[in-house]
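4 protein chains.
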Amino acid sequence: MTVRFGLLGAGRIGKVHARAVGSNPQAKLVAVADAFDKAAKEISATYGAEVRSIEEIEKAKDVDAVVICTPTDTHADLIERFARAGKAIFCEKPIDLDVKRVAKCLATVEKTKATLMVGFNRRFDPHFAAVKKAIDDGAIGKVEMATITSRDPGAPPVDYIRRSGGIFRDMTIHDFDMARFLLGEEPVSVSAHASVLVDRKIGEAGDYDSVSVILETASGRQALISNSRRATYGYDQRIEVHGSKGMVAAENQRPVSIELANDKGYTRPPLHDFFMTRYIDAYANEISAFIAALAKGTKPSPSGADGLAALKLADAALKSVKTGKSVAVQ
Amino acid sequence: MTVRFGLLGAGRIGKVHARAVGSNPQAKLVAVADAFDKAAKEISATYGAEVRSIEEIEKAKDVDAVVICTPTDTHADLIERFARAGKAIFCEKPIDLDVKRVAKCLATVEKTKATLMVGFNRRFDPHFAAVKKAIDDGAIGKVEMATITSRDPGAPPVDYIRRSGGIFRDMTIHDFDMARFLLGEEPVSVSAHASVLVDRKIGEAGDYDSVSVILETASGRQALISNSRRATYGYDQRIEVHGSKGMVAAENQRPVSIELANDKGYTRPPLHDFFMTRYIDAYANEISAFIAALAKGTKPSPSGADGLAALKLADAALKSVKTGKSVAVQ
Amino acid sequence: MTVRFGLLGAGRIGKVHARAVGSNPQAKLVAVADAFDKAAKEISATYGAEVRSIEEIEKAKDVDAVVICTPTDTHADLIERFARAGKAIFCEKPIDLDVKRVAKCLATVEKTKATLMVGFNRRFDPHFAAVKKAIDDGAIGKVEMATITSRDPGAPPVDYIRRSGGIFRDMTIHDFDMARFLLGEEPVSVSAHASVLVDRKIGEAGDYDSVSVILETASGRQALISNSRRATYGYDQRIEVHGSKGMVAAENQRPVSIELANDKGYTRPPLHDFFMTRYIDAYANEISAFIAALAKGTKPSPSGADGLAALKLADAALKSVKTGKSVAVQ
Amino acid sequence: MTVRFGLLGAGRIGKVHARAVGSNPQAKLVAVADAFDKAAKEISATYGAEVRSIEEIEKAKDVDAVVICTPTDTHADLIERFARAGKAIFCEKPIDLDVKRVAKCLATVEKTKATLMVGFNRRFDPHFAAVKKAIDDGAIGKVEMATITSRDPGAPPVDYIRRSGGIFRDMTIHDFDMARFLLGEEPVSVSAHASVLVDRKIGEAGDYDSVSVILETASGRQALISNSRRATYGYDQRIEVHGSKGMVAAENQRPVSIELANDKGYTRPPLHDFFMTRYIDAYANEISAFIAALAKGTKPSPSGADGLAALKLADAALKSVKTGKSVAVQ
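Chain order of the listed sequences is A, B, C and D. Sequential numbering of the first sequence, starting at 1, is according to UniProt numbering. Sequential numbering of the second sequence, starting at 1, is according to UniProt numbering. Sequential numbering of the third sequence, starting at 1, is according to UniProt numbering. Sequential numbering of the fourth sequence, starting at 1, is according to UniProt numbering.
These are calculated hints, taken from the structure and not from any lab test. Since the structure is predicted, the reported quantities are computational estimates derived from the model, not experimental observations. Just so you know, not all the hints are guaranteed correct.
The list that follows gives simulated cross-link-like pairs (lysine to aspartate or glutamate, EDC-like), each with its CA atoms no further than 20 Å apart [stated by the list, open to error]:
no., chain 1, residue 1, chain 2, residue 2
1, B, K28, D, D273
2, A, K264, D, D98
3, A, K142, C, D263
4, A, K264, B, D137
5, D, K245, C, D199
6, B, K312, B, D170
7, D, K319, D, D98
8, D, K264, A, D137
9, A, K264, B, D136
10, B, K264, A, E110
11, A, K93, A, E110
12, A, K15, A, E259
13, D, K111, D, D137
14, C, K245, D, D273
15, A, K245, C, D199
16, C, K133, A, E259
17, B, K264, C, D64
18, B, K319, B, E186
19, D, K28, B, D170
20, B, K264, C, E259
21, C, K264, D, D137
22, C, K142, A, E58
23, C, K132, A, D315
24, B, K325, A, D315
25, C, K264, D, D136
Produce the entire structure from the sequences given, and follow the hints as far as they go.
In structure tokens form, the structure reads like this:
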């Protein structure tokens, strides 16, 4: 069976997903839509997909599934439209920045029995996936404490921050999903601290650039998250999980693994400096997983509910910072 | 100048300090006191020190300084007695488990103008000291976020835990001191989570075995602490400090640095399994620093105030766990 | 400009090169030939290339360049044919196992002014290339000593060994090329030891499975090569170059970078277990370099002369083992 | 039983051994002799040993064993004198630079049934000893290939080189001993290359500063040795042994294990810059082993025969360089 795809949004991340669909023997990129004609045409030229409007893709008989890579504020609407149109949906995270809007959207998905997968790509990073597998294989016994360190090479433009929902909803949200993925239990309380240490303008825009979070599950498992909007040494992405029998950790990734030794010491190059090179395999693997699930008729994961759960943790963390209290998560 | 020492307490840690004093060319171990005669005699035989009572050492003209390694509940009294006796004092941490008692003790030290150094030995670990030096040299710019991971190979007997003041006051207290040492600013608020994941009996004794703490300073610098009473892979002791220009970290230590490769992978041996082998250099270095300060007439550090500050953080962490709130530290 | 390609040989390595050509925006895979129709058709289906005979490709007006991935004993003949046909040629190593045959073939290439690149793919490994770049950038000063460790996960079938020309010509030859690449001077003498430690049948077939080689250049620079046909821990591929100002080394590569810690120690997974996954980037990069050279009209490297030089070192090493003498290389 | 010691030679290495004897509960440093009175007196003051002449120590009833740390050209004579005097002997390597003189000396030792241990301290390095233990425990199966990398931070004065017997006899000799220690079989042939790359003056003094050596045993096991008189990154001391079931390696050692990350990459400090700090534990452990053997009445190792065997390999390597042939070792 070949899954026939429509791509909504032909920007940076759209191109990444187009490549994943285009090179997958079980899939075919049939159509592409983008407000900017040039972007859509580029994808069309490379993969032979037809440039169409969103409406045309919505109604198309030759499209089984869509990949939504449009701006965040269109995600929930598009999910609802394509759920009703009977298409399987892969949507870039987040579904929406507002918990209520997400809940409403997921209700529609449920009612229409649509298939929805949310793009928490990091679950598909080979290194993080291997950590998860080691846990599932029992290598560390019962999970007890997770530590997630996640630092960006540099802060995004303040304009982006204004629209992103803030650091907890646009950056830490990946770590909240990773914590849920690794802890094996739902966090029930959140304590967070946040400050502006990197760029005063971020503070003026009402956001933070440096945050620390503790999550705790009902049985007392804990996750620690450390975020910064700036790391001179590259895109710092580490996870470590400690359990009753041991610990498993994923190391940072760098473009080349060489070491230079001289009178100053032993130096390895900086880490990847961009999330798209760091997570290049993760992006390819998540689309493969979506296609494989559709081809097999199984439910893809992470689901819309995973998207909602991570967003609730982000809201709780923000509330914890504002109130100075540990916040319960429903 | 030779500093003449009396040793109070000839147990495990007393022996470590006796060796440090005995091998220091600027110091001489003159006297040793211990309730168990055998322990005192052993030290006496090895280093030529005379076995005396505490009273005799208190009054001795040939003793300039004492090292207090007696049980915790005697520390404050002994500090006061020897402060009044005009001796310089090195006291194992903690001064006392009660903040008020510590404050009263320090008032006496101040009134008598006695010299007091408190045994936060980790500041003298060569690796941690090198991290601190890198920070002081400006290698990472302005300090922003510290992560301290500290896990014991195994939990102490529940009996010990009953007397120790609990995990925050006997274990995390080292990390509180390290956070103060590294952040370069005083923490003003503390959020903590704690649970019983390792041993139910620890919970029955009213304590926790797994804790996560966030400290924040007035300018928004943050420290994350992760503790567990059990780590199958050894004595896990890591610090990492992230700043505006970079990051510096101290790696774990193992008895031998070999790597075995086979069809299972590449394996390095477990870490040290005991704090006294892990911190063997730190113990020697802290006594050297005390002796050097006395010999030069400078003020040794960490001081009694450092002991008090760390204890206040421990109390605040415990209060945060109990109340579910971020606790302000005065 | 688009370079139009014919692929000769659609086996394992042919597929790898087909993908590299197929995904390169400056290239187009026009035709494919293979004695096994099924293999050729598979490539044809995936990349739209036409299945043709070698003769048809030789005469084709719509083919600018060929990639030769046929069995070793056809390489020299095909190079000569396609050189005369005016096609640019990328040929998998080796050109031939016999130095005289290679020399004759290269004479034809020179006479016809054909463009020939030989597939020493390791030069294009990102890690090894970064080592070379560090050297060229002067990071280690003047090159003095290189150490190349190269071990296969397991020995090839004895049948293969019989046809391969032996360990020096099929395995060490990569390291000879790497040594030439890194030393920056031609080796002028070779000392080698060889023995059968892995599999007695290899010895019965007249070959060795464990070899050590020293190369020396006219100015006294030295390279050490260590080879084994079997390594339980995976495909062990390391290079290290020591110079007057420092050292630079490329580390081994593994599929995932995780570490598991428990009471046995800290374990990272084994290395890649297959040369095609280990050198997946190198294979892609070498074809990109070939295409880029053709597109720009520059001379691709490594050349046929590089292939000949490495083969001469292999012959010299074998002679050194047989005679117990250091062998001069012309 | 307490072993009573005389120390012959109170220089740099004499002081190291004095400390090892002085802090060993089974030993006592009774006497010290040195041509320079001041050096002897310093040892005397610290450890309470009496300053005596070599003759006095030779005849002393209260001396069971001697540690010979005098200049190399006196070693053989002193071993013979003290063997005849019935003392147990620990002698710094080498016994002599001349194979015949060593053989004659060892004949005397044998005739007098004296106990002789030679100071190949590296066997007692905890990391190298752990490698050996892993081999002996069967962790890597049958030993096949060893790689020993040994580079000094800087070249010794040319004056020293003139007296040292050359790089093979003063530097590589440690690696020859290590190869014998690790291979588990005697090398029977040696191929070596040597050149002058570091300092022209070393060449003018008739020696080399950069050498590569292959050793082979009767069953075909191989060892590779790489030496340089200069490494900007510190005292580079690595061993790696590959076997039928795996590989075991000892990593380099540095004074502190920290890592600094910034926009230039991740940097660890240089290695130890001095053999006495790098091998501080090895020096202490070898004397402990000597004392333990005397106390137990067992034969200490490495023996005089080990010293002779390493020297023969050094001579063979030199001959290989001069003749361009692989040299057989008897």
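Comparing the hints with the structure gives:
| no. | hint | verdict |
| --- | --- | --- |
| 1 | B/K28 to D/D273 | violated (32 Å) |
| 2 | A/K264 to D/D98 | violated (40 Å) |
| 3 | A/K142 to C/D263 | holds (15 Å) |
| 4 | A/K264 to B/D137 | holds (15 Å) |
| 5 | D/K245 to C/D199 | holds (13 Å) |
| 6 | B/K312 to B/D170 | holds (13 Å) |
| 7 | D/K319 to D/D98 | holds (14 Å) |
| 8 | D/K264 to A/D137 | violated (38 Å) |
| 9 | A/K264 to B/D136 | holds (18 Å) |
| 10 | B/K264 to A/E110 | violated (45 Å) |
| 11 | A/K93 to A/E110 | holds (18 Å) |
| 12 | A/K15 to A/E259 | violated (33 Å) |
| 13 | D/K111 to D/D137 | violated (36 Å) |
| 14 | C/K245 to D/D273 | holds (15 Å) |
| 15 | A/K245 to C/D199 | violated (39 Å) |
| 16 | C/K133 to A/E259 | holds (12 Å) |
| 17 | B/K264 to C/D64 | violated (48 Å) |
| 18 | B/K319 to B/E186 | holds (18 Å) |
| 19 | D/K28 to B/D170 | violated (41 Å) |
| 20 | B/K264 to C/E259 | holds (12 Å) |
| 21 | C/K264 to D/D137 | holds (15 Å) |
| 22 | C/K142 to A/E58 | violated (64 Å) |
| 23 | C/K132 to A/D315 | violated (50 Å) |
| 24 | B/K325 to A/D315 | holds (17 Å) |
| 25 | C/K264 to D/D136 | holds (18 Å) |
Hint check: violations occur at hints 1, 2, 8, 10, 12, 13, 15, 17, 19, 22 and 23; the rest are consistent with the structure.
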